[in-house]
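Protein chains: 2
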Amino acid sequence: MSLNTLILEPNSNSQVRQEEVLVTGQPTTVILNEAIPRGANRLILSTEGEIVVQLPDGTEFAGEIILETIPEQISLLARTYSVNLGDRLVTLEFGTENRAVRYTLELTAVRICLDVDANRDGLVDDDNPRKKDWQWGSEGQGAIFMVNSDQDIDYSDGETNLQNRQIDGLLDLKDLALLIVRKTGFGDWPRGYELRLVVSESGRGRVRIFENLDTYSGRELIGPGHNEARIRIWDTRQDLVLALEGLHYRDRDFDGLVDISLIVERDGEPYHLDWVRLRVAPWIMTPNTLLPRVVYMAQTENNQTTIEAVRQVVGRSGTQLEEVSPELNLGDRWLQDELEIGYTQMPAHLQYVALESPRYRGLEDFPESLLGADFGYVTRGSIDARTRLDSFGNLEVSPPVTVNGRNYHLGRILYGDTDEVIPPAARRRFQPALRDFLRAQQVQAPVQLFSDWLNVGHIDEFLTFVPAPTPKGFKLVLASPRVCYQLFQELQAQGWGALGLREGKTLSGHSAAIAINEVLADEKLKASNDRFQQFIAQNRVILSRELGLVADDIIDLPMLFEGSIRRDGSIERADSFFPNMVNMIVLGSQLAIPKPFGPQLNDVCQLEAAVRSQLEPLSLTCHFIDDWDAYFRKFGELHCGTNVARQHFSRPWWESPQP
Amino acid sequence: MSLNTLILEPNSNSQVRQEEVLVTGQPTTVILNEAIPRGANRLILSTEGEIVVQLPDGTEFAGEIILETIPEQISLLARTYSVNLGDRLVTLEFGTENRAVRYTLELTAVRICLDVDANRDGLVDDDNPRKKDWQWGSEGQGAIFMVNSDQDIDYSDGETNLQNRQIDGLLDLKDLALLIVRKTGFGDWPRGYELRLVVSESGRGRVRIFENLDTYSGRELIGPGHNEARIRIWDTRQDLVLALEGLHYRDRDFDGLVDISLIVERDGEPYHLDWVRLRVAPWIMTPNTLLPRVVYMAQTENNQTTIEAVRQVVGRSGTQLEEVSPELNLGDRWLQDELEIGYTQMPAHLQYVALESPRYRGLEDFPESLLGADFGYVTRGSIDARTRLDSFGNLEVSPPVTVNGRNYHLGRILYGDTDEVIPPAARRRFQPALRDFLRAQQVQAPVQLFSDWLNVGHIDEFLTFVPAPTPKGFKLVLASPRVCYQLFQELQAQGWGALGLREGKTLSGHSAAIAINEVLADEKLKASNDRFQQFIAQNRVILSRELGLVADDIIDLPMLFEGSIRRDGSIERADSFFPNMVNMIVLGSQLAIPKPFGPQLNDVCQLEAAVRSQLEPLSLTCHFIDDWDAYFRKFGELHCGTNVARQHFSRPWWESPQP
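Same order as they appear, the protein sequences are chains A and B. Per our numbering, the very first residue in the first sequence carries number 64; after that it's consecutive. Per our numbering, the very first residue in the second sequence carries number 64; after that it's consecutive.
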């Protein structure tokens, strides 16, 4: 039967009472057909209480009316809810030649209203007319919920609030979106009517809804395995407040939208419904242009000097440095690779969330150790499918950009993948599960780059972003063999070809020193670098197109790679030839840059000088830090060996245009 | 001793170790004087760890320096917090002719930061530089807390969350403002140092602060009688979240601002402090231009017909009607007088709050019966000082107005008081305690009117506000004897002087009917009305000045009063001569107006016609309701007998200009 439709039930008695529910403000059809006694030729209709009858011809009335033609149906409308059970009466007296049959509809008017914070001001609205229509943008509307993956109570086993079927302490309530079943009126309904809360197909298993918020831990009303629940009518004498937590981010198997319906059922069939649409908040990454909060480094056997040097720069940036203990890092120093610290946000609440990579190395337990109130955890990808490209040195995000008129006000995610130039058998992928998760977040539309030409295979080996006093607010920084060759050629031309780089440093137990002349004479090195330069140029084209950059937005820092065949043995890939300056840590205006050990002229390292001349005019301060033994020799640099938790964007993600 | 100052403690040994705390980012003076050994002529200063020494000449260094002139003091600065106890070292080796005395300062650097939501976005900031400076306006800043007077758990005894020394269920946390002691770093400090949280003098007894929010009910850390508390250092290894509730609104004995300090104490003396300033949210009234949510009426012996008539209008306005049961009203029908339903608000949270009048009549228990989640309660004034003017028919609020360039975006409160024209012995006052409470809320700067000329003494007997499609958005409606006499004189001049008013109605057992001619011939009535008209005119002048109104903003509705000497027997005051139409209920565009029973010409009441002609052009719908027996004969009308809970303003109070 259609919604909001009642049938006047045929009865052989001459006095019939039928108890029903009317929803306030909702015209409800009453089908008379089946109850009209044979030979009836007159209908006396009368009402009591706040109720209006509408006849098929549009006539509206309250009180009494006598109809000589009996309509097949009438429509009823009550605008206010009942104070007592059945306090709205509609009497239908059918007259035939020899008798009268009198039906009395005893109606209880109830209000059905499910409310959420559709206008995104942090307060639950009062029947917002746009609550069913989720729209992006600063003028948009639609409620939002968060995945509740933090740990508001300190569990020893690393369990998050997601696993728990209760509300975990007072602070946990802040992580939940409120739903209110607005006072429906009288606390009793006629038999046969029930009120149910139902989660749409798309949301099943994706949300948990708690009731009993006047207690200390709530009670799970809806959750995985039970996607609808009866609401006790008695509870709706007052506004009934419920709280909803997300269990899953938007992903390839979940479009992020969940509809919740409040349904009046009559004899087990839907009779009336109100509903709301909510969207799960995305996981968001933070670019280098956001100020840092904490820098993490792992305490390992030989890196204490590097940590102390970084601590000086961290101090100058107004940030703090946290050391990850040996017990938590198990000798794994590559903090950049293990996790990406982002956040998720709903109106008036925010949670930092670590995305853990599927690399499964020594730091495996570190991301979960960060769990706490408003610090959550998520992971994607599988250990079986992992390659080096799944480490998060291969996952970055640009500052906010505008591309062909489209504003990405939270920037765009960048990750490295393989390319056709790599022989199929040697190709390594950024796991599709990770890629799809990132794409599904929508607001930082990911851009795929080519990083498989590098042995380690991470995009942070050839790019970074620094803040800049330009209209765009940043510059893209790329590693450039071409610029390095130019610099060395100029030095050679000026008679400095005998100057050495990597002086005083060792590799594999031998001196690493090498003269400019030797470098320039090495044709194999040149050929490799020419090839690598092409790959960087290929990425530059993608970056320029996808981030809307022009030549002036890009800085090239001198760098050399060397080709080597490692591990898989199949093709030559790139390793850094000297400490890779583009693998820097950007902390506000303070830059911690791997010390390149370039050729010294008048006690000035010519590689450092080249970098300073490009970055210092942007009001950036360059701190060159020796990471040779602790990081470079282990095929990484300062950026690889650190992780920066940054502040969130001040502008919320829901103000993004429709993705 | 000054803050952030240490003394190098004299010691006769040649090797001295002194353990101290440094606050990150805070230059700290070390006074050397007392420790300089006699005859010392050299100082070797050296540092370890992330710390900088500043000499009196401004020289800054880290590492080692040899000074031939010994300064009286030095300054130390650490920017990052310690990872271990005493991990920053400053060694001072004083040399004399024959010996060296070596002091080692073992310093533990800690971060001291107390955070609040100073930018009012619902999220606690990260060391907002403006957190100490509370400023009004849309560009202002400063944290806000609310008086937590609702009832998130259903107590049978009407107790609110204010009385309770714990957090009352999950929803109660929403009513509290969060404070965060940001991670201070290492979880241990040298002996002699402590961390304390202290409430400023002005805030003592005005706030309660809870800790242990990772539990289900928190623990009172600070409250009445204990205005400071020690923070366990161990707790500050992570951000320590605290929650603050207000216990008192701003009032004559409380300026509303509370400073909370986080103090490092050294041997019981303040050594360093960070602090924040918060303001208690005001109690706010809602004018007739805000949409209604619920209309309350009392079920009493003879008013069911009136209730049903009002219910029809309530339904048309999309609102609900709630009846107050006889058990809760004890025969007292004057809902307008018993309470005023307003609200209080902080960023991303809001609570409706009933202000109860000190009238102490049958409805006494009703306001507290409204208590619930986000529905609070407050009262002011005393039973001993009460007069009829303390009933809230005498308390209204204008729609938003701009007066001489000053924007009152939440309108202005209006209340009636006495005037010099009333003999001193007969004067009745609006209680100063009530008036001062209302003034102290600041954002709806109250305007005092003159209502003591009325027997009942309420401003709602001569004024109301209706929405209007004008730039101001409303019109002021005044009762006008002058307009009524004009109308009656015109009718008399047209030959209708014999028409009666109040026909079919009784007063004191007699017919109340009276002809226009009789009314106009009654010189005493005319004299009284001339006097009352003057009082209304006097109020009109005040209203025009204080609300910035011009003649076109005001509508005069016909009304007659009659003078009577009631109760106190001293002077003649005004009572309504027929049902007072200005005492209407305004529900959006629907007006429920007392039926005046004016002279009928061609079946049209000429008083109703006069009112329709003024209000209907404003797109308002007039519903005239017979309240003669149930209200008018008991010296009140529809407005006196109802109470309307309205929606809150969409614009928050803190965007008001500095009051």
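No lab work stands behind these hints, which were simulated from the structure alone. Computed from a prediction, not measured in an experiment: that's the story for all the values here. Certain hints may be false.
Note: identical chains are not told apart, hence a pair may lie in one copy or across any two.
[Claimed, not checked] Pairs of lysine to any residue, SDA-like flavour, derived with a Cα cap of 25 Å:
#	residue 1	residue 2
1	Lys589	His472
2	Lys195	Arg714
3	Lys195	Asp302
4	Lys195	Gly158
How the hints compare with the structure:
1. For the identical chains of this complex, Lys589 and His472 are neighbours neither inside a copy (40 Å) nor across copies (72 Å), given an alpha-carbon limit of 25 Å.
2. Taking the shortest Cα distances, Lys195 and Arg714 sit within 25 Å of each other both inside one copy (24 Å) and across copies (24 Å).
3. Taking identical chains as interchangeable, the C-alpha atoms of Lys195 and Asp302 lie at most 25 Å apart only when both belong to the same chain, with a minimum of 20 Å there against 38 Å between chains.
4. Neither within a single protomer nor between protomers do Lys195 and Gly158 lie at most 25 Å apart by alpha-carbon distance, with minima of 46 Å and 80 Å respectively.
Checked against the numbered hints above, the structure breaks hints 1 and 4 and satisfies the rest.
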